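2 protein chains.
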Amino acid sequence: MERMRRILIIGLGLIGGSYAMALKRQGYYIIAIDNDSNTIEYALKNNIIDEGTTVVTKEFVQRAQLTIFGLYPNTMLQWIKEHYDLFEPGSLLTDVSGVKNNIVEPIQEILGDNIQFVSAHPMAGKEVYGIENADDAIFARANLIITPTEKNTKEAIETVYELGRVIGFKSISELSIIEHDKMIAFVSQLTHAIAVSLMNTSDNKHLKQYTGDSFRDLTRIAKINEEVWSELFSLNQEFLVERINEFVASLQDLKDAISANDLDKMKRLFIQSTIHRGYFDE
Amino acid sequence: MERMRRILIIGLGLIGGSYAMALKRQGYYIIAIDNDSNTIEYALKNNIIDEGTTVVTKEFVQRAQLTIFGLYPNTMLQWIKEHYDLFEPGSLLTDVSGVKNNIVEPIQEILGDNIQFVSAHPMAGKEVYGIENADDAIFARANLIITPTEKNTKEAIETVYELGRVIGFKSISELSIIEHDKMIAFVSQLTHAIAVSLMNTSDNKHLKQYTGDSFRDLTRIAKINEEVWSELFSLNQEFLVERINEFVASLQDLKDAISANDLDKMKRLFIQSTIHRGYFDE
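Protein chains in written order, with the working numbering: chain L, 20 to 301; chain Z, 20 to 301.
Simulated from the structure, these hints should not be mistaken for laboratory data. Don't take every hint at face value.
Intra- or inter-copy, both count: the list cannot distinguish identical chains.
[Claimed, not checked] With a straight-line Cα cutoff of 25 Å, these simulated DSS-like cross-link-like pairs (lysine-lysine) come out: (1) 145 with 227; (2) 201 with 224; (3) 227 with 201; (4) 145 with 201; (5) 284 with 274; (6) 64 with 43; (7) 286 with 201; (8) 284 with 224.
None of the values given here were measured: they were computed from a predicted structure.
Extracted from the complex, chain L is given alone in its bound form (with noise of 0.2 Å):
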């Protein structure tokens, strides 16, 4: 990082603009690229970045030598298609996107031996979007996910890492591109598919009184940005739809219990519930 005091962000929705705001606190020097004027002036007016443009050009690109993108992952992999020449041999660029399979591979491929990609997914959010909701506060309590490849040098990785501990994540760890997939596919897309399901079961306004504590943290997350979601949905189509046929097969077999009132079952199942939760108390 000594010799990577520039960075540039190519993107400055909620995540890209919170990195701008962890960064330029700890002294780095950030340039940004979004192609949204509007953003570019809110991140300048409002100090989070240093200089930005919605201009894509080889001089910019090239006045940072650690890029970061906050972009979609199919916008990033466009981006990456359409700009990878403007980046100078030697540079090093990563990312933040929730889902890594299908795109950080053929990422590596176009941007060839030269030029390191070391792909990241901080698990962090909130569930507002864009740079007027960036708040770099969301990273302490948070995991960074680096997701290395047998393309990647140590001295990539390592940057990565560093820049993570800048940044100030709670924790930081490494997965295979697989493992993360299948990790998320669990922890996250899939809850997210069950609330959402939750809420489309029927609109069930009059019950409104009615709710209590339990249902509105069970169905949070069901107010969704459809954007990112079905692209992440899209992107992980094979592990997410193996994680809800295993739930729903969990779900049947408590179904099945209650059908036959078999009470001793649904208590064997209850019990071993409140064991697998036990496990992720802090």
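Model the placement of chain Z on the given structure of chain L, informed by the hints.
Relative to the frame of chain L, chain Z by itself:
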């Protein structure tokens, strides 16, 4: 309530104990029956009740004109089958049970025309149990649902409303037995069935470090008391199975969109869930 300054509570668990605290605080004289002498001792020592016993006698029962059952539904039904003849004609009985069908009407049948049983459900709780966890602060943000039947007099129903006001519920409303059980199948039982089944898909212990708030919020209720919930599920079997089927159909619909990589359909479902969830915002 004026002529009912003395109240009998049968079953001093979390809810029965919390009712006792709330009512004693308002100057009522609270006597209690519980089959566990440690519970009675604890309640006396901590000034939660004025008098208590483990021995069921006509003399003790008849010292109050208002009785509140803090027992599980089937235990209450059993208790009333054994002891219905201990109540003085003109007595008013109420309860706290979470399912009403197959409970309220059999009890009213047993008690006959001279004793009023006005059933009610305080939608309050904690994930812990027993008199040691009693806490009358839980009612301030909870709803009391009264489920009167044609066997109930206007005066008896009004007294249960007043009881709810004295205890300090945020709101008090009425539903029929069927409406109540349908509502509870959706807002409470289905959500518990989902959380339990999610935790039972596999132990997934190795994913602990990757879980965030939304996963923890969604699965918190998978820590579940197997005795009370197997009973509640069993009593509400029919409506709960219906709701599970509806939910599974909704999830399959989303799964089909994912499998077909139908981004437009996914987006429509996400937009719908966002709108539906909006109805439940406070």
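Okay, the hints, checked on the actual structure:
Taking the shortest alpha-carbon separations for residue 145 and residue 227, both the intra-copy value of 24 Å and the inter-copy value of 20 Å come in at or below 25 Å. Proximity of residue 201 and residue 224 under a CA criterion of 25 Å is satisfied inter-copy only: 14 Å between copies versus 35 Å inside one chain copy. In the homo-oligomer, the alpha carbons of residue 227 and residue 201 lie at most 25 Å apart only across protomers (14 Å), although the nearest pairing inside one protomer, at 35 Å, exceeds that limit. For the identical chains of this complex, residue 145 and residue 201 are intra-copy neighbours only, at 22 Å inside a copy versus 33 Å across copies, given an alpha-carbon limit of 25 Å.
In this assembly of identical chains, the alpha carbons of residue 284 and residue 274 lie at most 25 Å apart only when taken from the same copy (11 Å versus 28 Å across copies). For the identical chains of this complex, residue 64 and residue 43 are intra-copy neighbours only, at 14 Å inside a copy versus 60 Å across copies, given an alpha-carbon limit of 25 Å. In this assembly of identical chains, residue 286 and residue 201 lie within 25 Å of each other by CA distance solely across copies; the values are 22 Å between and 30 Å within a copy. Taking identical chains as interchangeable, the C-alpha atoms of residue 284 and residue 224 lie at most 25 Å apart only when they sit on different chains, with a minimum of 23 Å there against 33 Å within one chain.
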